[in-house]
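Visitor: What follows is each chain in one-letter form.
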Amino acid sequence: MGIISAIGHSVSENHNSLINNLSGISLSDNFPSKYSGILPLAKVSLTNEDLKEKLNITDAGITRTSLLAHYAFKKALNDANLSHQDLVSPKTALVGGTTVGGMSLTDELYRDSKGNGTDKTFLSSYDFASVFLSIQHHYKMMGIVNTINTACSSSANAIMYGCRLIKNGFANKVIVGGADSLSKFTINGFNALRILSNENCIPFDKNRKGLNLGEGAAFLVLEKEEDALNKKVYAEISGYYNSNDSFHPSSLSEQGDGPFLCMEGALKLAKLNPNQIDFINAHGTGTENNDESESRAMINLFKNVPDFASTKSYTGHTLGAASALEAVYSILNIKYQEVYKNIGFENAIEVTGLIPILSNKKTSINHVMSNSFGFGGNCTSLIFSKL
Amino acid sequence: MEKEELKEQLKGQIIKFLNLDKTTDQIKDDEPLFGEGLGLDSIDSLELIVLLQREYGIVIQDPKEGRKILVDVNTMADYILNFKGTQTL
Amino acid sequence: MFYINDTVCISPQNTFSDINIEILKESENNFLKALEPIYDGLPHNALRRMSKSVRIALGASLLLLERNTQTYEGIIIGSGNGSMEETGKFLDQLIEYNEGMLTPGNFVQSSPNAIAGQISLLTKNKNYNITHVHKGLAFENAMLDVAMLLKENPSNHYLMGGVDETSSYHYQLDDQEGWYKNETISNNHLYETGSEGSIAGEGAAMFILSNNKDNSLAKLQSFTTVHTSDKQVVKEKIQQFLSINLPPEEKIDLFISGENGDERLLKYYLSCENLLENEIASVRFKHMSGEYSTASAFALWLACNVLGRKISIPKHCFKNKTSEENYKNILIYNIYKGEQHSLMLVKELD
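Quick mapping for you: the protein sequence lines, in order, are chains A, B and C.
Under my numbering, the first residue of the first sequence is numbered 156, with each subsequent residue one higher.
Under my numbering, the first residue of the second sequence is numbered 6, with each subsequent residue one higher.
Under my numbering, the first residue of the third sequence is numbered 19, with each subsequent residue one higher.
Looking at chain A on its own, in the form it has when it is part of the complex (with noise of 0.2 Å):
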């Protein structure tokens, strides 16, 4: 696996934030918005010189989007020690999910639209696919290569499908995940939406305000089981499962049903019953909607809610890579059998009366839940067990 994100350039680094509970969002005011400095964001510390300058790569046309990609995409590649051979064979598949993808460069993008532009160089860059494209080009790759976009679910779905594609014989290897870059488009969108909060999100806790954005990339790279037998192994996706939630363009039911269909079907698809989850990685934006909603499906379906938590308050919500991230993060309590608290909670939900986890501990971890709800009602839900 790899990633990059606010609280890391790898995964010992992000792992290492995660035991210090320190957070990557901040009130820096470097990001070119009229926001910056006023709405916290996490930002990656590495400007788009940066990574392109420890990427080797000097395309013109490459997004912000597709360097993170990138990036965290060579982070898994050396990782998995995967080789040329396994790259450019047909049965290696590539599943991506973003939101932003090249709409990072929204001033040019603006200017490009209205035909104003002299410089074609971001021309073919401004769509989602043109992320994962990129790396398909970089690498050669000849396999199945798709790109999701279901919102904040968007890396979720890609894992899912990645998992559907060796089940079904499409693939031998698939390299899945997602990317998302901070953009201007995106801050000012969950603004009007009045989303964001002016302080650091405090996810499922009664006072918080909205989500802080955030930005980031991570890749995993699935195999069969009878093909990794000789090979380092985190985890094995046991479950997964997609529903609808089927009541409003940009918010939850309040009972959450999306929400509670696709982890009922992920427990059901993983043949567990919802007492053998030990921890979940909730989606917990820090909205008023999402955390109570998401709640209430909790409660409703498992009675005793596990141990949960949401990472969002380390990394922001990095849109379409942040299932991807979150599916780093489950390993990690998987590998290292333990758990994150959920940094700036103090007080729970009054109609729920449900409280995260409130500090880090070691505890016996066999099955981690990862949710992911998006714009659209599109929700998801993985399920990563311990070997």
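Please note: incorrect hints may appear among the correct ones.
[Claimed, not checked] Once the Cα atoms are required to be at most 30 Å apart in a straight line, the calculated DSS-like pairs of lysine-lysine come out as:
{"hint": "1", "chain 1": "C", "residue 1": "365", "chain 2": "A", "residue 2": "379"}
{"hint": "2", "chain 1": "C", "residue 1": "43", "chain 2": "C", "residue 2": "365"}
{"hint": "3", "chain 1": "B", "residue 1": "69", "chain 2": "C", "residue 2": "107"}
{"hint": "4", "chain 1": "A", "residue 1": "458", "chain 2": "C", "residue 2": "107"}
{"hint": "5", "chain 1": "A", "residue 1": "361", "chain 2": "C", "residue 2": "144"}
{"hint": "6", "chain 1": "B", "residue 1": "21", "chain 2": "C", "residue 2": "107"}
{"hint": "7", "chain 1": "A", "residue 1": "423", "chain 2": "C", "residue 2": "142"}
{"hint": "8", "chain 1": "A", "residue 1": "229", "chain 2": "C", "residue 2": "255"}
{"hint": "9", "chain 1": "C", "residue 1": "255", "chain 2": "A", "residue 2": "379"}
{"hint": "10", "chain 1": "C", "residue 1": "107", "chain 2": "A", "residue 2": "295"}
No lab work stands behind these hints: they were computed from the structure.
Got chain A; can you put chains B and C on it based on the hints?
Guide: Using the frame of chain A, we list chains B and C on its own:
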């Protein structure tokens, strides 16, 4: 501006802003904007808050406070007149 | 392999409920705009905020669902760009008001997953719901998703479609990149110009897919994709595809070509034609649909209606021989922006 004139103007602005399939005389002054009545939703309430800022200079920071003003055309007109009234002090 | 139970298409031609494609609707300023029906089933309160891509996908889906009352267990959409119109409108606000107070409606509707999201909302379908956005292979990825779903759940039905709108914003981007004609032409003469570029189009082609043969239109035997600009690689892929999927005693009797008037892409289509028999009927469709990421969905709609004996192929589609034969094996070959290639083998029901 007189209240009646303001309400008529407001109805026209609401229709245009929210792309409603209605004419101004199809919207009653006391018809609830949300729920029964016009049946607007949470996104509409945010859009109306923007309308109030762009057309009348009224800034509403908290959308929940906004819902207290956005009950029907009457309450919106009252708020606008009150706001303009305080502006001239 | 699966069956196409039914299909509805909203496009720049009369393809919606009373299909009449004999008369070719003309393009304007190198643009074929989708003809929108009157949306009888849709409350205006819902319609008022929807982008064109959402409206046409919904319009096509609702007619399809009216005609097919069985339940369906998923909504799978392929869309290259979602709604650039809504994106553009939000960007306009952002710049005009200098990141001030902006209305959120455009932002929410700009995301491609708003299409599948709205279909779910209006049909109260809480099942599997996904949006594939891999540009010129977005539709093919949606099809692969359904192929897998049907393997995993053999008795289910799925609603699947390819949807794209081409707003003025998006047109500008593709035009500056050189994908549209420099000169204004009519779609009537799309294939005669010998110049680079094509014309823009848009549409929503929706399908109900299942393993159930009853009352179906056609069988999707197989499909494949390849990402390359190497003509030889494509040729080998096509040869391999045909040899695997077509028994020796069968042959392709109709070739539906994604030729779009861009002379740079002709070499690939000609290479494919050369692999097929000389006497094969060859038709083109992009003078009807225009060019867009999911135009191959239009081609599939056409193939299904031909195989299901619902329509005859109009004269204006034929590249070579004109006949009224009962086609049995249709090969569709489409290319998007010179690199994303797809092949579909669609057969009549046996």
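Visitor: Now tell me, hint by hint, if it's right for this structure.
Guide: Quick rundown of the hints versus the structure:
1. Using a Cα cut-off of 30 Å, the hinted pair residue 365(C) and residue 379(A) is violated, with the two alpha carbons roughly 33 Å apart.
2. Between residue 43(C) and residue 365(C) the alpha-carbon distance is near 28 Å, which keeps this suggested pair within the 30 Å criterion.
3. A C-alpha spacing of about 26 Å is found between residue 69(B) and residue 107(C), which places the hinted pair at or below 30 Å, so the restraint holds.
4. At most 30 Å may separate the alpha-carbon atoms for a hinted pair to count; residue 458(A) and residue 107(C) exceed this at roughly 45 Å.
5. Restraint check: the Cα-Cα separation between residue 361(A) and residue 144(C) comes to about 29 Å, which is no more than 30 Å; the hinted pair holds.
6. At roughly 15 Å between alpha-carbon atoms, residue 21(B) and residue 107(C) fall within 30 Å of each other, so this suggested pair holds.
7. Proximity of residue 423(A) to residue 142(C) is assessed by CA-CA distance (about 23 Å); at most 30 Å being required, the pair is judged to hold.
8. Annotation: proposed proximity of residue 229(A) to residue 255(C) holds, straight-line Cα distance about 29 Å (limit 30 Å).
9. Between residue 255(C) and residue 379(A), the direct Cα distance comes to roughly 26 Å. Compliance with the 30 Å bound is thereby established for this hinted pair.
10. The straight-line distance between the Cα atoms of residue 107(C) and residue 295(A) is roughly 37 Å, outside the 30 Å bound, and the hint therefore fails.
Checked against the numbered hints given earlier, this structure breaks hints 1, 4, 10; the rest are met.
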